[in-house]
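Visitor: Here are the chains, one letter per residue:
Protein chains: 6
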Amino acid sequence: MPYVQVTWVAGRTPEQKRKLAERITLALIEDGRAKRENIQVTFVDLPPTDYAEAGVTVADQKRTP
Amino acid sequence: MPYVQVTWVAGRTPEQKRKLAERITLALIEDGRAKRENIQVTFVDLPPTDYAEAGVTVADQKRTP
Amino acid sequence: MPYVQVTWVAGRTPEQKRKLAERITLALIEDGRAKRENIQVTFVDLPPTDYAEAGVTVADQKRTP
Amino acid sequence: MPYVQVTWVAGRTPEQKRKLAERITLALIEDGRAKRENIQVTFVDLPPTDYAEAGVTVADQKRTP
Amino acid sequence: MPYVQVTWVAGRTPEQKRKLAERITLALIEDGRAKRENIQVTFVDLPPTDYAEAGVTVADQKRTP
Amino acid sequence: MPYVQVTWVAGRTPEQKRKLAERITLALIEDGRAKRENIQVTFVDLPPTDYAEAGVTVADQKRTP
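Chains as they are written, first to last, in our numbering: chain A, 1 to 65; chain B, 1 to 65; chain C, 1 to 65; chain D, 1 to 65; chain E, 1 to 65; chain F, 1 to 65.
It cannot be assumed that every hint is accurate.
[Claimed, not checked] Just some of the chain E residues that point at chain D, by a computed CB distance under 8 Å:
#  : residue
1  : 2
2  : 3
3  : 13
4  : 19
5  : 20
6  : 28
7  : 29
8  : 31
9  : 32
10 : 38
11 : 51
12 : 53
13 : 56
14 : 59
Hints listed in this document are in silico derivations from the structure and should not be mistaken for laboratory results.
Beta carbons are placed, not taken as given, at the ideal position from N, Cα and C, and that holds for glycine.
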């Protein structure tokens with residue numbers, strides 16, 4: 001505890017995820033009274049057809065996710 | 001806000017998801033007092049081996065998902 | 001299947017949720033090839049301190065959620 | 001109801017998921033007063049780069065997931 | 001890993017949740033190659049107005065959740 | 001996009017959540033190529049009876065969550 005899930009459109013590298021997992025973990029330790037060994041951080045990559053903002057999928061937004 | 005996640009077995013087309021994202025967004029605006037620009041709708045496609053109903057996976061139900 | 005989860009700041013009435021559940025269910029039947037009896041729709045109400053947009057919680061946005 | 005989601009690193013076979021779905025369903029019936037026909041169990045498989053424990057992704061933990 | 005989330009209508013006792021958490025954990029160890037110390041199981045209790053099956057909220061189904 | 005959900009046992013103050021929401025948002029901008037205006041961060045507070053680690057609920061772990 002805690003469990004963190006980041007849901008977004010695919011496109012980040014393993015290195016970016018590695019850095020983000022560590023930064024989010026550190027934030028939870030320092031500002032959330034969490035213990036490192038219990039923290040789990042996950043990334044759920046979705047295709048751009050499967051994430052819509054304001055009713056429009058990222059695929060249709062004609063921009064890089 | 002709000003954030004909507006639809007979890008199901010894969011098999012819908014991008015066009016079906018596009019229509020659903022818009023319909024769900026519209027419903028949240030009209031009946032949920034949400035503002036369009038803040039609404040996010042996502043679809044999580046799972047393989048038929050990974051979704052079970054009543055203890056039986058969709059793959060084992062011998063029917064189209 | 002499908003399972004739908006709507007996460008937002010509390011403030012909608014049971015009547016609003018009732019209407020939304022039916023509208024989302026109907027959309028999934030008509031545009032998502034889902035069968036009514038398998039559709040589940042949930043609402044997760046969060047306090048305004050627990051939902052942040054653009055880094056600012058709804059409680060701090062000084063506006064109705 | 002209930003809806004159960006198991007999130008983990010990919011690597012289990014369809015047969016393992018089949019057994020787990022049935023065991024979890026049975027547990028919910030026997031100890032959770034749930035009715036079989038309403039129970040949904042899903043598995044969300046993530047790549048080892050996308051699941052971090054204690055700030056370290058499973059891919060970096062140098063062990064099988 | 002894995003992380004398990006059970007979403008349902010409130011009404012189970014802490015004792016029922018205690019038993020379910022252990023049973024689900026054991027199933028994941030025995031049939032899912034998971035290590036006990038990494039398994040997290042959570043229960044998300046919703047009011048009966050906030051969970052709909054087949055378009056009808058549990059509150060409206062006129063039956064015990 | 002992205003949508004972030006932090007699930008844990010209740011006990012953090014609104015000020016702690018405010019700081020965490022900003023830190024996570026900033027991490028996603030700097031290391032995840034996300035745009036501030038699209039980022040949503042939520043916190044789901046659970047009672048200690050509803051979060052189990054290694055098969056034991058936090059309530060039963062006889063320690064502060």
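Visitor: A separate judgement is required for each hint: does it hold in the structure or not?
Guide: We went through each hint and held it up to the structure:
1. 2: 3 Å, holds
2. 3: Since chain D brings a Cβ to about 5 Å from residue 3 (chain E), closer than 8 Å, the hint holds.
3. 13: For residue 13 (chain E), the interface hint is violated, since the closest Cβ of chain D sits about 10 Å away, which is over 8 Å.
4. 19: 5 Å, holds
5. 20: Residue 20 (chain E) check passes; min Cβ-Cβ to chain D is 5 Å, inside 8 Å.
6. 28: 7 Å, holds
7. 29: 11 Å, violated
8. 31: 5 Å, holds
9. 32: Check passed: Cβ of residue 32 (chain E) comes within 6 Å of chain D, closer than 8 Å.
10. 38: 6 Å, holds
11. 51: 6 Å, holds
12. 53: Holds - the Cβ of residue 53 (chain E) comes within 8 Å of chain D, reaching about 6 Å at its closest.
13. 56: 12 Å, violated
14. 59: 12 Å, violated
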